[in-house]
Amino acid sequence: MSPNLHIAFRFLTAKKRAMLMSLSCIILGVGLFIVTQAATTGFEGFFIRTILGTDGAMRIQDKLQATQGSMAAGGYNSGFEIEQKENLKYIEGIEEPGRLLAALSEFENVSGASAVLRGSVVIRSSFQNQSIQVFGIDLAAHVKVSDLGNQIVDGSLTSFRDSPSGAILGREMANRLHLNVDDSFQLEALGQVRRYRVSAIYETGVSDIDRLRLYLNMIEARSLLKEPIKATFLQINLANKDRAPEDAAHMQQVLGYSAEPWQQREKSWLSAFSALRITSGITVSVFTLIAGLAMFNTLAMIVLEKTKDIAILRSMGYERADITRIFLWQAGIVLVIGIVIGGAFGAGASYAISRVPLPHGGITGIFATKYFIVDLRYWHIVQAAITAIFTVMIASLVPARRAARLEPGDIVRGTAL
Amino acid sequence: MSAVVSSVVPSGEKLALRCTGLHRYLGQGEGRVHVLRGVSFEAQPGQVYAIVGPSGCGKSTLLYLLGLLDQPDAGEIAIDGQLMSNSEDSVRTAARGLHIGFVFQFHFLMLEFSALENVMMPMRKLGKLSPAAMAERAHGLLASVGLGEKTHRLGTQLSGGEQQRVAVARALANQPAIILADEPTGNLDVKNSAMVFDLLTRLAKENGQAVILVTHNPEIANRCDLVRPMRDGLFV
Ligand SMILES: Nc1ncnc2c1ncn2[C@@H]1O[C@H](COP(=O)(O)OP(=O)(O)O)[C@@H](O)[C@H]1O
Ligand SMILES: [Mg+2]
Numbered sequence: 053m054s055p056n057l058h059i060a061f062r063f064l065t066a067k068k069r070a071m072l073m074s075l076s077c078i079i080l081g082v083g084l085f086i087v088t089q090a091a092t093t094g095f096e097g098f099f100i101r102t103i104l105g106t107d108g109a110m111r112i113q114d115k116l117q118a119t120q121g122s123m124a125a126g127g128y129n130s131g132f133e134i135e136q137k138e139n140l141k142y143i144e145g146i147e148e149p150g151r152l153l154a155a156l157s158e159f160e161n162v163s164g165a166s167a168v169l170r171g172s173v174v175i176r177s178s179f180q181n182q183s184i185q186v187f188g189i190d191l192a193a194h195v196k197v198s199d200l201g202n203q204i205v206d207g208s209l210t211s212f213r214d215s216p217s218g219a220i221l222g223r224e225m226a227n228r229l230h231l232n233v234d235d236s237f238q239l240e241a242l243g244q245v246r247r248y249r250v251s252a253i254y255e256t257g258v259s260d261i262d263r264l265r266l267y268l269n270m271i272e273a274r275s276l277l278k279e280p281i282k283a284t285f286l287q288i289n290l291a292n293k294d295r296a297p298e299d300a301a302h303m304q305q306v307l308g309y310s311a312e313p314w315q316q317r318e319k320s321w322l323s324a325f326s327a328l329r330i331t332s333g334i335t336v337s338v339f340t341l342i343a344g345l346a347m348f349n350t351l352a353m354i355v356l357e358k359t360k361d362i363a364i365l366r367s368m369g370y371e372r373a374d375i376t377r378i379f380l381w382q383a384g385i386v387l388v389i390g391i392v393i394g395g396a397f398g399a400g401a402s403y404a405i406s407r408v409p410l411p412h413g414g415i416t417g418i419f420a421t422k423y424f425i426v427d428l429r430y431w432h433i434v435q436a437a438i439t440a441i442f443t444v445m446i447a448s449l450v451p452a453r454r455a456a457r458l459e460p461g462d463i464v465r466g467t468a469l
Numbered sequence: 024m025s026a027v028v029s030s031v032v033p034s035g036e037k038l039a040l041r042c043t044g045l046h047r048y049l050g051q052g053e054g055r056v057h058v059l060r061g062v063s064f065e066a067q068p069g070q071v072y073a074i075v076g077p078s079g080c081g082k083s084t085l086l087y088l089l090g091l092l093d094q095p096d097a098g099e100i101a102i103d104g105q106l107m108s109n110s111e112d113s114v115r116t117a118a119r120g121l122h123i124g125f126v127f128q129f130h131f132l133m134l135e136f137s138a139l140e141n142v143m144m145p146m147r148k149l150g151k152l153s154p155a156a157m158a159e160r161a162h163g164l165l166a167s168v169g170l171g172e173k174t175h176r177l178g179t180q181l182s183g184g185e186q187q188r189v190a191v192a193r194a195l196a197n198q199p200a201i202i203l204a205d206e207p208t209g210n211l212d213v214k215n216s217a218m219v220f221d222l223l224t225r226l227a228k229e230n231g232q233a234v235i236l237v238t239h240n241p242e243i244a245n246r247c248d249l250v251r252p253m254r255d256g257l258f259v
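Chains F and D supply the protein sequences, listed in that same order. The first sequence begins at 53 in my numbering and counts up by one. The second sequence begins at 24 in my numbering and counts up by one.
Simulated from the structure, these hints should not be mistaken for laboratory data. Any given hint might turn out to be false.
EDC-like, lysine to aspartate or glutamate: derived pairs with alpha carbons at most 20 Å apart [as the list claims (entries may be wrong)]:
no. : chain 1 : residue 1 : chain 2 : residue 2
1   : F       : 360       : F       : 374
2   : F       : 360       : D       : 206
3   : F       : 67        : D       : 135
4   : D       : 151       : F       : 371
5   : F       : 360       : D       : 135
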């Protein structure tokens with residue numbers, strides 16, 4: 053042990069009680085920081101898994117077209133057009149999905165692509181009618197770009213695939229319409245009414261989806277919506293989800309279609325999550341701040357009590373820097389103890405709350421879970437430690453430097469301070 | 024003068040310490056006092072010097088200057104031939120650790136530490152010896168001030184006189200060329216003050232250390248090689 057550390061340790065043990073305040077605030081600050089970060093990260097991660105499992109990593113829709121010099125040509129455009137920027141416009145829908153799917157297979161990061169035809173219909177059961185959206189899918193392709201395979205809560209995907217009149221309904225939709233597997237119902241679109249059968253019921257936990265989205269086999273959807281070729285969008289899965297923005301930009305250039313990565317699509321939710329994570333982190337950092345103040349207080353007190361010892365040390369050759377270190381070491385010792393205990397407390401508490409069932413049977417809405425979700429990461433502990441070290445060390449620097457500035461001559465004459 | 028030089032020092036030998044024309048003012052504004060008014064002094068290796076004089080005449084103030092704990096307002100101090108009076112703090116600090124052993128008039132020990140740890144404190148800063156050698160040397164020094172049995176007592180568990188003796192042992196820890204002691208026997212009974220004084224004189228003779236001590240004890244002053252009486256900030 054270096055003499056400075058040894059001295060720091062003795063000074064500290066003589067002031068155990070005063071240090072306890074700072075120590076307990078470090079433990080609370082570090083522990084709660086870890087818990088809040090683990091929980092917000094957990095819920096955010098779960099939200100991302102949910103959206104990747106429903107709407108996929110990327111969506112390609114709307115053809116991009118450079119506008120011609122004059123707008124007079126607008127008359128013969130059949131599609132829905134939206135003016136975008138100065139010289140680009142989007143034409144809704146995918147004109148030739150087959151060609152695009154083939155082109156997408158050239159991208160190495162693309163692990164799946166599924167053409168989807170979407171249309172508004174009215175669903176009729178014996179119980180009530182409701183406006184919903186039909187999603188025409190090729191099941192084999194779609195399970196590769198979504199988590200539909202794992203979202204089935206009743207019925208089976210095989211029976212959907214094997215029956216042209218089969219449909220997959222969301223849990224909320226089925227409940228509202230009092231429909232169970234094998235029940236039949238009608239869809240009304242473009243002036244025609246057709247009869248279908250419930251093959252399966254899915255639940256994503258996202259109520260906007262579970263309430264409104266109904267899956268049909270692509271062939272049946274094309275016939276119902278009278279759309280033999282076009283697709284509304286392509287849903288794409290990526291091996292590396294984080295690269296979605298780069299891939300989207302690349303695809304947009306190569307394919308001439310707008311590609312929207314999930315980070316862009318879910319921007320508002322994602323920023324809400326990160327805002328929550330940051331504000332909760334800042335809130336619990338108040339404890340760390342108090343720890344810093346308490347440390348300042350205690351060290352200032354020790355400096356006052358130990359001026360004679362400082363003079364003795366300086367008289368036998370201890371430098372100003374040694375005195376600074378002796379006081380910073382004291383903060384360091386408390387920090388190490390606080391971070392170790394606080395880290396263990398944070399990790400333990402994170403684990404404990406992940407076992408606690410959520411009230412009212414869980415959360416649904418943007419995702420569904422019955423338990424608190426925590427995702428404890430190594431860097432949560434590192435972040436908590438860095439915050440504590442930074443705050444407490446800054447607070448300790450003032451008394452430590454004050455101690456170092458004391459002149460031994462002034463101390464022994466009693467005129468210091 | 025009551026005491027005169029008793030041993031002859033070979034001429035031309037290097038001085039351990041020399042100061043010339045030291046002035047020191049203390050206090051501020053109205054309370055500003057001219058405490059030292061031009062003190063000059065030389066100390067040779069192997070000699071024991073006594074500074075005597077009435078309370079408040081500036082003995083401690085002078086010792087703090089010589090110990091490089093304080094800086095003079097005018098005048099020069101040279102330690103081991105090097106001018107130190109106005110050098111940088113780091114230079115003076117290093118010189119304190121290397122050349123000077125200081126015994127304070129009051130508050131001798133770091134009370135949370137044992138006698139042994141106190142004596143080892145300067146050695147650990149200097150870092151020349153192995154930890155085992157430091158402990159051995161500290162044990163030896165404590166034994167020579169009669170505290171061989173109390174090496175592991177904390178400062179708080181020692182009497183004032185015992186603390187003072189530990190402080191003397193600590194001042195000797197790094198074998199400094201100069202030992203400055205402000206009334207080192209002030210709290211000691213006859214037997215112990217004789218022991219401390221004998222130790223200091225023996226070391227001065229054996230190791231060629233210069234010992235400068237402030238004392239009120241005429242018997243001790245008389246046994247020193249040289250006595251410098253002081254009055255109102257000047258040697259008389
Ligand atoms: N901070 C101070 N302000 C003003 N005068 C002081 C201060 N400290 C000491 N003195 C004065 O300096 C003089 C010398 O003090 P000191 O060196 O401690 O005397 P001694 O050790 O000889 O008893 C005393 O008269 C004392 O009153
Ligand atoms: Mg004095």
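A quick look at each hint next to the structure:
At roughly 15 Å between alpha-carbon atoms, residue 360 of chain F and residue 374 of chain F fall within 20 Å of each other, so this suggested pair holds. A distance of roughly 18 Å separates the Cα atoms of residue 360 of chain F and residue 206 of chain D; the hinted pair therefore holds under the 20 Å criterion. With a C-alpha separation of about 11 Å, the suggested pair residue 67 of chain F and residue 135 of chain D falls inside the 20 Å cut-off, and the hint holds. The suggested pairing of residue 151 of chain D with residue 371 of chain F holds, with an alpha-carbon distance near 17 Å, which does not exceed 20 Å.
Between residue 360 of chain F and residue 135 of chain D the alpha-carbon distance is near 12 Å, which keeps this suggested pair within the 20 Å criterion.
Of the numbered hints stated above, none is contradicted by the structure.
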